[in-house]
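**Student:** Chain A is already provided as a structure; the job is to place chain B on it using the hints.
2 protein chains.
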Amino acid sequence: MAHETITRLAAQRRALPALAAALAVAPRIVAAQAADPLPSWRDTPRRRALLDFVAAVTTEGGPDYVPPAARIAVFDNDGTLWVEQPVYTQLTFMLDRIRAMAPQNPGWAADPLFRAAIAGDVRTLAAGGAEGLLKLAGAAQPGNTPEEFRRIAAEWQATARDPRWGQPYTRLVYQPMLELLAYLRAKGFDTFIVSGGGVEFVRAFSQDVYGIPMHQVVGSTFALTPGEADGRITLTREPRVDFIDDGPGKPVGIARHIGQRPVAAFGNSDGDWHMLRYTTEGPGRRLGMIVRHDDAEREYAYDRESHVGRLSRALDEAPQRRWQVVSMRGDWARIFP
Amino acid sequence: MAHETITRLAAQRRALPALAAALAVAPRIVAAQAADPLPSWRDTPRRRALLDFVAAVTTEGGPDYVPPAARIAVFDNDGTLWVEQPVYTQLTFMLDRIRAMAPQNPGWAADPLFRAAIAGDVRTLAAGGAEGLLKLAGAAQPGNTPEEFRRIAAEWQATARDPRWGQPYTRLVYQPMLELLAYLRAKGFDTFIVSGGGVEFVRAFSQDVYGIPMHQVVGSTFALTPGEADGRITLTREPRVDFIDDGPGKPVGIARHIGQRPVAAFGNSDGDWHMLRYTTEGPGRRLGMIVRHDDAEREYAYDRESHVGRLSRALDEAPQRRWQVVSMRGDWARIFP
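Top line first, the protein sequences correspond to chains A and B.
Per this note's numbering: the first sequence = residues 88 to 424.
Per this note's numbering: the second sequence = residues 88 to 424.
Same shape as in the complex, but just chain A (with noise of 0.2 Å):
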């Protein structure tokens, strides 16, 4: 019926100039009648400060007025947009690929470190650091593609369940931050993840979950390979990193990925310390939002001392620097979909 009106008027002429106007005009009436765009923030300082920020940059005209070629928002992912307790879901994901291949390789029961990793020994893996679990990342995906990769990632989350929730991990995301998404890309905004986690672990459910495409994923990186098997032309992941998107690598991927400072950044932990910085350092009105957790009740409650996403100097700062503080439990209605 309505396929039929349309048709009609498009077959005027005349009414072409008038129907094109409308379109123009219509999806921001229509959007402005559309029920609460954040209907899992509370009304707080932090839900208003969203909306005013989004209103200032985005009034044509008005002193704070950013085109929307510049309306940059990044999103770290961990414990951000996601659950990152009680270990980073792409740590859990590489132990249960280490345990899975591990009858193939039974040289691994002589080595301490991938014991630790098949008993899921995690305190034992941190104190290894850095080096230990590359080492372990390299051994659980050998000369994969990334296309590879990324199917191997996604069918692991597809089935694997977070033990306290039995949820799939993809699930264990906010729900005030989803909305925040979509509210931000209505308003012309391109939304972006900067994860210090493994680019491809994040794009195998960036598209699915966030509404946000796999180029507009930054991300640490292995090395790439290109070669040449079979009369075609391949590219072989490394086991050796050969860039980290946390700290002040985060500005670098930005710059390197993103090509322009954003104007709104939203991180969790010291990690986004860097990212924070250089988002609302920029000129002109900028936002900058830490999401703090302090409800152990419906999530996690962990800040200064917590093994992952240590919060403490974001923290320290955030008043000097203007940066919003997200409380989960006064801020946020509701905290999953």
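Among the clues, some could well be false.
Stretch-level coverage of chain A by chain B, calculated; a stretch enters the list once three of its residues show a Cβ under 8 Å from a Cβ in chain B [as the list claims (entries may be wrong)]:
no.	segment
1	286-295
2	302-310
3	313-325
4	331-345
5	358-367
Examples of chain B residues lying across from chain A (beta carbon under 8 Å, computed) [stated by the list, open to error]:
no.	residue
6	H302
7	R319
8	H344
These are computed hints drawn from the structure, not numbers from a lab.
Built from N, CA and C at the ideal position, the CB exists for glycine as well.
**Tutor:** Okay, now just chain B, sitting in the frame of chain A:
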């Protein structure tokens, strides 16, 4: 008037679902009635190959359907989207910078490399190889941030003139390719530049000239060093190339930055051979297309023996790999906007 009509419609709550349906349907009808999307492409097999490919991958339910999230099209820049003769524009820019900075660097006069640069002696520079060019590139951008470099590049692009046409270099872009970029985007593709040139030089004009946002430009990169000055985070471009996005580097750049294999690739030289292969070796319907410079009158004619944009192997293999070879002379009704 249209505004008022829609406001009235929107005020009637019962009209909203019909309006939403109209908004979803109407743009397709308008597009179908619009003029030819490729007016500068003559009606030849190349134009038909483009239209057939797009129709095939966008037909829902068809055997070659590609969902929008996977509609990735990649374009080389020099010689594919704009003129690369008599030398790459970025080299001209670099030599202009060296000349402008020479009075402040009297020591350069004693260095044969810099003397050749100041004299615009491209043959001597070419004989010095990549090492010499990189030394010059480093000298031409001392300690800049990416933002400073892009501002300098944009100023140059706005003022410098090509000697043959007396035009800004950013006007020496190929009108048929501008139409193709817009057409693909209208059909749900994401368009990317994958250039051997420095990424920030291309980002300085990609949005204005090609409608391609900065984050959809992949290119060669100089090392970026994070630091701090005057209480602010800094990023410094080092005179050290850390990624060469050319030849075998193009599939690597695509995998890292875009994260998935394109379905369509456009190039003009053997530097694009790997990218064309990587794209067209993927499963399902693919399109590889080579722009051949065979129009000395309206642009340039060159291929196997050229000092820039050498086209030999990719041309020889085009038939067996089913790559389309565009004749600028025969297939394009006009060259420049």
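**Student:** Holds or violated: the segment 286-295 of chain A covered by chain B, criterion of 3 or more residues with Cβ-Cβ distance under 8 Å?
**Tutor:** The restraint on the segment 286-295 of chain A holds, since 4 of its residues have a Cβ under 8 Å from chain B and three suffice.
**Student:** Double-check H344 of chain B for me: the hint is only fine if its C-beta lies closer than 8 Å to a C-beta in chain A.
**Tutor:** This interface hint holds because 6 Å falls under the 8 Å limit.
**Student:** A closest beta-carbon separation below 8 Å is what the hint needs, so does H302 of chain B meet it against chain A?
**Tutor:** holds (5 Å)
**Student:** Closer than 8 Å, Cβ to Cβ, for at least three residues: run that test on the segment 313-325 of chain A against chain B and report holds or violated.
**Tutor:** holds (count 4)
**Student:** Using a Cβ cutoff of 8 Å, are there at least 3 residues of the segment 302-310 of chain A near chain B, or does the coverage claim fail?
**Tutor:** holds (count 4)
**Student:** With a cut-off of 8 Å between beta carbons, are at least three residues of the segment 358-367 of chain A near chain B?
**Tutor:** Holds, because 3 residues of the segment 358-367 of chain A bring their Cβ atoms closer than 8 Å to Cβ atoms of chain B.
**Student:** Has the segment 331-345 of chain A got at least three residues whose CB is nearer than 8 Å to a CB belonging to chain B?
**Tutor:** holds (count 8)
**Student:** Less than 8 Å between beta-carbons is the criterion; does R319 of chain B satisfy it with respect to chain A?
**Tutor:** OK, holds: R319 of chain B within 8 Å of chain A, min 5 Å.
Hint check: no violations occur; every hint is consistent with the structure.
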